[in-house]
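Asks: Hey, can you work out the whole structure from these sequences and the hints?
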Amino acid sequence: MLLEVRNLRIRYGKVEAIRGVSLDVEEGTLVTLIGANGAGKSTILKSLSGLVPPFAGEIRFQGQMLAGWKPARIVKAGMAQVPEGARVFAKLTVAENLQAGAYLRKDKEKVALDYQRVLRHFPILKERLNQKAGTMSGGERQMLAFGRALMNGPKLLLLDEPSLGLSPLLVHEIFKIIEAIKGEGVTILLVEQNARKALEVADKAYVFETGRIVFEGPAHELMDSEEVKKAYLGG
Amino acid sequence: MTRVRPDPDRQGKFLGEMKAQQKSRLYFLGLFVLLGLVPLVLRSEYYLHVLIAMFYHVIYATTYRFILRTGQFHFGAHAFVGIGAYASVLLVMRAGWSFWLAMPAAGLIAAFFAVLIGYPTLRLKGIYFAIITWGFGDTLRFIYMRFKEPFGGPLGIFAIPGPNPITIPGLITIDFSQKTHFYFLALALMIVTLYILHRMEQSRFGLIFGAIREGDRLARAVGINIMNYKVLAFAVCSGLGAMAGSFYAHYTYYISPLDFSVLLTIYLAIYTVVGGQERYAGVIVGTVVLMLAGEVFAGYSHYQLLMYSGFLIVILLFLPGGLISLPGLLTRVGSRAEEKEGEKFRNDPA
Amino acid sequence: MKARAMIWGKILMVVAGCLLLLTGAPAAEDQPKEVLLGGITALSGPAAPWGIGMQNTWQMAVDDINNGGWWWQKKGFTVDGQKYNWKLTVYDHAFDAAKAVSAANRLISRDGVKYIFAFDGGMIKAFQPISERAKVLTVAYASPGKDYINPQNFYTWMYGVDCIAAVIFYPWLEKNTAYKRIAILEPDHWTGHTTAEASRFGISKTQLEIVFDEYFPPDTTDFYPILTRIIKTKPDLIDIGNVDPAARALFVKQAREMGFKGPMYLITPDIANLKSVAGWENCEGLYFLPYEIELTPGQKHIEKVYIERYGEENWIGSLAYLLWDFAFWLTQAIEEAGSFDTTAVCNHLEKMKLKSVFGEPAYFAGQGYYGINRMPLYPYNVCQVQKGQLVQVITGAYADYLK
Amino acid sequence: MEITELIQITVNAISIGAIYALLALGLTLLFGIMDILFFAHGAMYMLGAYAAYYLCTKLGLNYFVALPIGVILIGLIGVVMEKGLFRPIRNDHVAIIFLAIGLNWFLESTGFVVFGLRPKPVASVFTGQAHFFGATISWERAVVVLIGLLAVLALYFFLMKTRWGLGMRAFAEDPLTAELQGISNDTVCSLGFLIGCGLAALAGLLVAPIFILTPTMGSHAVLISLLVIGLGGLGSIPGALISAFIIGIIESFGTSYLGADITWGMIFIFVIIFLIIRPTGIMGVVRE
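Residue numbers (the working numbering), protein chains in the order written: chain U, 1 to 235; chain D, 1001 to 1350; chain Y, 2001 to 2403; chain B, 3001 to 3288.
Heads up, simulated BS3-like pairs for lysine-lysine below, C-alpha to C-alpha not over 30 Å straight-line:
id	chain 1	residue 1	chain 2	residue 2
1	Y	2205	Y	2146
2	Y	2351	Y	2087
3	Y	2234	D	1148
4	U	110	U	91
5	U	204	U	76
6	Y	2205	Y	2261
7	B	3083	U	70
8	B	3083	D	1125
9	U	91	U	132
10	B	3083	U	76
11	U	106	U	76
12	B	3161	U	76
13	Y	2135	Y	2353
14	U	132	U	110
15	U	132	B	3161
16	B	3058	Y	2300
17	U	91	D	1125
18	Y	2304	B	3058
19	Y	2087	Y	2304
20	Y	2135	Y	2087
21	D	1148	Y	2205
22	D	1023	U	14
23	Y	2087	Y	2353
24	B	3161	U	110
25	U	106	B	3161
26	Y	2033	Y	2135
27	B	3161	U	70
28	U	176	U	230
29	U	91	B	3083
30	U	108	B	3161
31	Y	2146	D	1148
32	U	106	U	132
Quick list of the computed label-pair ranges, beta carbon to beta carbon:
id	chain 1	residue 1	chain 2	residue 2	range
33	U	15	B	3269	51 to 61 Å
34	U	15	B	3238	39 to 49 Å
35	Y	2132	D	1166	20 to 30 Å
36	B	3164	Y	2181	55 to 65 Å
No wet-lab data here; the hints were simulated from the structure.
Glycine included, every Cβ here is placed at the ideal spot set by N, Cα and C.
Replies: This is the structure we're talking about:
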């Protein structure tokens, strides 16, 4: 098991945002976490990356407890996150954004290989290497954010709402890219609002509602479940 | 795009605050009555002076805080205090006005300058606004220094007459020959200022700025022209500060450009931050405590700045909510211990 | 709510404690033999090196009187058969008039001080309404301004003010040298302005010509631009009378770098400082005032004790000599008048023959300029650096115009 | 004659500008990276100058040995301050300003106790003057101008071309996302203070032989720096460089043609008018 989360609880002040969440991500799979907005899905990802300390529970990555790890150490261990809203460094060039993704890596040759790989995945970035990231469109920024995370050579990629605010056409493209990345053997934990799309590409899915998991199972099973259909897939 | 739900917690807090406010209004009233009785007991000119200085500094600091509350990092309070002092002194000494006319006039002049400066600059954020207001203050200082006529140059203006005597026939003559007279004038000025600012904070004004600070775009979305409110707040606060400046000039009989340097604003900002920005009473507590600290430390000759700054650092580090948060913090320490016990229990995996 | 009230109660108690501390600090009544001597000067901010140095000097003078040092051959002083000792209390004004007023109030109405030593005319001007009304004898250092030394301010006195010695220097300069063109440069504050005024007054008694007369911001460290402007006027001599010691040494150094070879006129020099910052070879031709080749025994005593007590690092040079005498004069006047009453003391001081570390005779003068004798006159000396040696050019002159 | 004078005034302007740029560099870096106004910058500058005094004059070290030692020493003091004082309130930008002001006062008044009251000189390494076209500049000033410009270039290179610099720029824009790339916020802040305070110390060490040392020398310097970085656009290094020279030019020409007492006011008026017309300064971009 690449990632195991057991009984994770997170509090903001006195309010408990996450109330005992457990989930597993197996190596090489794409696991999705779906649910309505504001349910706290992103909070879980933040906690996995070490940005929000959990109040209770444990997180294991490759068998190691992550308790008290700094974000940098978690990134170094091979967990990369694409944050919500395509947060690229607007004043840095595209090339510099990609370099920032490989900030902690010392293996120059492999970084170079990953660089080529990213540019292959996203040819649009290749054209704009020296352009400031802030001047690009929303879709291009999302691609840059993906590319930046891939530059870390991650074992586990955390995607936080990658389709948020994009046009249907771009959403389609983004999911194609997600599948392609998965095809290269990168394990992915996808947090998504667009449940239908997510379930289409995922192996396994968790349905999340106000702080806890309400359904879990293989993605196709959930897709067929009447209850899930009604609540999350719009009929 | 995120939907904001009304937070029941916050509503409760709001109601609680309302009640607390009514209560604190009573406290304030009691305090003012007590302060009014002070000169009957206290004969020492020194203590009266400390209190008088405290009163006009409270005026400076509360008006300063209000501008800070509108989201502007003001760094030029000294400019408007200076305008108030110089304008009123010149009106009295050159134009022969009565102090009682000159003081409000000085406030109006400062408010006019505030509008003049405020319109182009109040839309600027953070440090840029700070640099412009600071620069404005120092430009004025430059003008006072360079123009011996009528500002007196670097040596300033001396032999400023005190306020004109007031005679209530058959009852009493207040001729400002004693500190007590100044004491009551300063106290009255402070109470009036505190009342005006309190009303402003409670009015639409305060609510709008409160909303803006909370990051709520609602105020802007509703289409209220915030600029007008900001300029108005800036002008009113600067005018009130200037009136205190006018009082200062006629109380000390001497002003010079040195008195209105950026150091004054820095002190006001420190009073505000140290007292706690969130509550109206915070800045008052900050002013009173830090001025008292200054008086206490004054006895330690050249170590006093060292002690004062050490005191300042300690408060900023250990009381992020300011001095006003101290009682709340202390009461919470007790209740938190109980809470911790409970948490431990719930934390148990079994 | 109750807990909160209790906490507030505790806070009030702490505040009350602080207030008690405030009142309890100087216990003057407990020791009947102790008389307070107040000081108000800059103990923080850019002028602190002067201010703290003043505090040190006053403390030394007071200790000498209490312990019978220097020419004060007995311990303490006696009034009406009762022995007294001085106790010095100095407060900071940090060049802020509001703080100066607070300090004066603290000294006069809380501590009950009747004698105050203070620094800088501007600050004294700020608290003078209080001190004069309370009939507190105030002694001012620096700035010979008529604005605050005049018959209306009966209780305000001066230390020896050297800038007024321009009235000795310039007539001498006119008689003994070929210099014609004088440039005056002073810092843009009270002391600078009044010093420039004194220089102008001195020059007005001669045929010399002022070719440059300006002020610079007190924090200036880079004088290249202003020197470019000064040198353009081709002055024979630059008068930088009361520029503070640090800036003065820099000015001399930078003036030489810019190619000005002529003499400069300085007051109360810190020669060690000039040597180390400007270099002694750059000091060639400088006029120092007042200065003596041979220190008087009193000056030697001050320098030795000061360095012993406060260290070489804190030695303020001839400023210490200037601030030395008044404590002794005041004590002598109180003793001879047989009263602490300041009016009596003032009247007696005016008639006294003074002992000064600068030499004798010394007496109070100034009637001709201020309308009242409030400035001590003692023999002024001026010397010049000639070929690396200090040479005394004026000895024992009196600023006669002031009589 | 007129031409010589013009050259002299220009040389003065360059010398003033270089010193101001050097002063403002650390302040603008800290503002650009961490969005904090570090008033204790002045105290660091003062400590740097005193480091020159103690290392060169007291310990007899060579000036060029003392230079890196002093810079690193003060830089490390900066790191300690960051960890102990500023990290707990890193997100409270207003409190940080006043904490830094308090710290500045604290170090200043401690300075009088520790360093003594006498202004301290530091013997210059380069003596004599350079002359060209009739204008004069002392060699030590020329060296400061040179090293000052080199420092600006080095800092610019560091930020634009190195991995650390990339991390700092990424942090400046979006600390959270930077953290997600493994760019530790704590490390960046420590590094920022190391470099920022180191640069302040460098300025102090360099000007020590030209000027004279007093514990309060930093307070004025920090206000000048604030003016420089405000005009230049907060956080912008090229902006600080340009505005330092603009202020240098105004100061030099103003003082030489109009007088020193007029010029300082003119600088303020110029900066205000410029900022009202163009509120972001010469190079600045308004932050969200």
